[in-house]
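Dock the two chains into a complex; use the hints.
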Amino acid sequence: MSQIPADLRYAKSHEWVRAATDGTAIVGITDFAQANLGDITYVQLPKPGATLAAGQVFGVVESVKAASDLYMPVSGTVTEINPALVSAPETVNKSPYETGWMLKLKLTATAELAALFDSAAYEKMLM
Amino acid sequence: MSTLRPTPLRDFHSAHGGRLVDFAGWEMPVQYRSILDEHRAVRRAAGLFDVSHMGEVDVRGPEAGKFLQSLITNDVTRLFPGRVLYSPMCYENGGVVDDLLVYQRGADDYFLCINAGNIAKDLAWLRGQAHGFAVTVTDRSDDYALLAVQGPRAAAIVQSLTGSPLGLVKYYHFIEGTVAGVPCLISRTGYTGEDGFELYHAPGAALTLAEALLAAGAPHGLELVGLGARDSLRLEAGYPLYGHELSADISPLTAGLGWTVKLDKPGGFIGAGALRAEHAAGGTKRVVFFRTGDRRIVRTDTPVTGSDGATAGRVLSGTLSPMLNEAIGTALVPASAVTGPLMVDIRGEKIHLCLVKPPFVPLKNNL
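Sequence lines, in order, name chains A and B.
Under the numbering used here, the residue at position 99 of the first sequence is numbered 99, and the numbers go up by one with no gaps.
Under the numbering used here, the residue at position 8 of the second sequence is numbered 8, and the numbers go up by one with no gaps.
The hints are simulated quantities; they were obtained by calculation from the structure and are not laboratory data.
Take these hints with a grain of salt, some might be off.
Straight-line distance between alpha carbons at most 20 Å, and here's what the computed DMTMM-like set of lysine to aspartate or glutamate pairs gives [to be verified]:
#  : chain 1 : residue 1 : chain 2 : residue 2
1  : A       : 12        : A       : 112
2  : B       : 364       : B       : 345
3  : B       : 121       : B       : 139
4  : A       : 106       : A       : 7
5  : B       : 350       : B       : 301
6  : B       : 265       : B       : 75
7  : A       : 47        : B       : 349
8  : A       : 65        : B       : 301
9  : A       : 65        : B       : 37
10 : A       : 12        : A       : 123
11 : B       : 350       : B       : 308
12 : A       : 65        : B       : 27
13 : A       : 12        : A       : 31
14 : A       : 65        : B       : 22
15 : A       : 12        : A       : 80
16 : A       : 104       : A       : 22
17 : A       : 124       : A       : 31
18 : A       : 47        : A       : 80
19 : B       : 364       : B       : 231
20 : B       : 350       : B       : 326
21 : A       : 12        : A       : 69
22 : A       : 65        : B       : 326
23 : A       : 104       : A       : 31
24 : A       : 65        : A       : 112
25 : A       : 65        : B       : 142
26 : A       : 94        : B       : 37
27 : B       : 121       : B       : 142
28 : A       : 65        : B       : 294
29 : B       : 121       : B       : 249
30 : A       : 65        : B       : 345
Excised from the complex, chain B in its bound form (with noise of 0.2 Å):
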């Protein structure tokens, strides 16, 4: 048996109840008391969450820029000192090799923040392509300690531990600063719909953040949040998971995630000729966004079928929204069934999916 590797966190989440699981190999809060009512104080308060598993790359070098242009979708030149870009990174063949954030601290340093499960990937991949290009890629996981703060009350509460000007920092911008007397990455960006903050910290400081956190919102309603709350506010907010809505095997175009590809951007991409290609044919797949009016749960892999009740797709997530109070989740579907009847078999009843353009609630985090 392997064994799970723990956040600097561990024993906080244990000593406030959280039920710990195995999640990409580390051992997670999956829920402190109700995956729904953490959920709902997100929604409504702000949540703690400590997602100190992801994984963190520095990317730097006179070439960093380009070498980083060449290999994600989106377009990097966006990017100046204190701005965050969110991007696919695709194979040759269009499919995904990880969704990541992409923070420029300066001209020639570049910070990734990347999905825990797909850190060995991540890095093989990108020093394989690193040949030839003037750039160090480096691996910073063990470096860093990550806690997000969401929800409405999150600048207040974040605000209430720093100096820093928050109110200059926009959605997607960062600064360096202290929060509780920590140094931290004060980054505006989220998972959850809401405004938040993500904050980026050596792991020794980790208890100390947390804890300061933890009693400076408890006023405001902040609650500890876990995993399987993350994940309904995500779906929520239509935001996709590596492993579900993007793979290797689903691009971002199929995924809905056009705007993230800038297929015209100067020297092209990795991935580029067969996503101009899959955009020029239409694409034959479609991820779409579904709510069914009913409370029991359409499950990962459910198989979808079309009018002729012939299997069409399949379930990619799936989860009670807390919100709407009815079952909501993405499937994989051909294109051409996207506007024909869409049905799921639970337990021999057949649900309808009625298919509608995400969020399912309003995102809070762009105002």
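Isolated chain A, as found in the complex (with noise of 0.2 Å):
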């Protein structure tokens, strides 16, 4: 069964967002996903600094068994990628909540987070 913390949203195309109250927030895949997925090979990632819509592709993530476009759950601009998924990229498998996360974001628009799934209306989607 797939881990869905309770504190964080959902996009339907399987990104977690981690809001903070102060307009940031942190970015990545759903336990569901990196299941789905297996084996992950390589992660690509925006440049800090890059500004997207929700919606937009903004990387790819590389299983053993395909490669896989990764979309903005909301609009923002990217400062920081984690780092440890370049040599790494097994870290989204191992921990896709906490030391898997993608991007960090300043948030365009915050109102947008309420467009996005809660943790029951993601769980019933993936049932």
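Written as structure tokens, this is what we have:
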């Protein structure tokens, strides 16, 4: 059974957002997503400074099986990417919600968060 | 929707966390926990593979040897009871029907192991060529399950379950015996580049044998291994996979398997004329092995470009080598292109293919 932390917001495309109160947020992919991808072998992320709209492709995650696009769950400017994923992309498999995070963002519009699933709705979507 | 064929171990795989997928019409475990971890377990200790989808064929009769000699590219006369031979089997034009293992059990008694996806095609081909030979060709695929134990600990694990003297069974040899009380054809062969055994046995005994091997192997570090790691292990070892490096369009010479093609063997064989001509002319295409120094996997059918930027060929197989931590693979390219730079485009970035002679890791199966 997939882990779905209650304090995160979720996109239909299986990214999660951990929003802080200061208008910043952290983005990654869900436990369900990493389990379905299988062994993650490469993560391609945007350069810090990039501003991307919700729904835009922000990167690619490769597993032994396939390469899959990653989609912005909300609009924002990238302030930091997870440097650990360059040499250890399998961190996403081991810890999708903590050390396997992908982006830190300055949100464009915090109101977009309300359009995402909460954990109960995401869990329902997976069923 | 067609129904997938389960192996006798379907529920065993499920109970051990196997992720079951369609492979050539069979419901097979692609992985249990992690393809990369399973791969490393085989190189470090041992792995247990269910390869019951493979096909088996009996070829018997006074002319069984002569019949096989006319069909396969390798030399059947090198066999004797207890010896195994790897060989492609070709069409007249040199394209490959299948690659297979030939076991000689007795004077007029041979046993073939063929690829799961080719069973129907191979049987039709074998039967079509059998006219005029005193030989019977019998599909035995439903009568055999097949478990492979591969890795540096494989011999110790299998030996702990059998009275047969495995130390006397050399690479590409076999004996008949019992393992965990289950009658088996015990073959010292495999598809990983490691030492190991392939155990042919009755499907009804598969669960008994699998559980005994898993229990005996656990203290050695044996893990269940799915088809995902089977593919990366064979690619690291430099072995071809039918439908990728060998096919109706890729001859064994093009694939670099010249050592299995005995052009001068007496009596000839189907495809000898075409292969002799290819050998004489040098061949227009070549299967090459590459590494990239990059972790991005170069996937099957990716176009390969030459120095002029024009498409020169295509990728046949590609994966991440868990031992080298970089992308490895094979490509089919014009023979004239192998000396020049070859590149692939991955999401807009040009990546150089560094051509290497396989294997990518030292083979440990023929020590």
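**Q.** Hints violated by the structure (numbers, ascending)
**A.** Numbers 2, 15, 24 and 25 - these are the hints that the structure violates, sorted from lowest upward.
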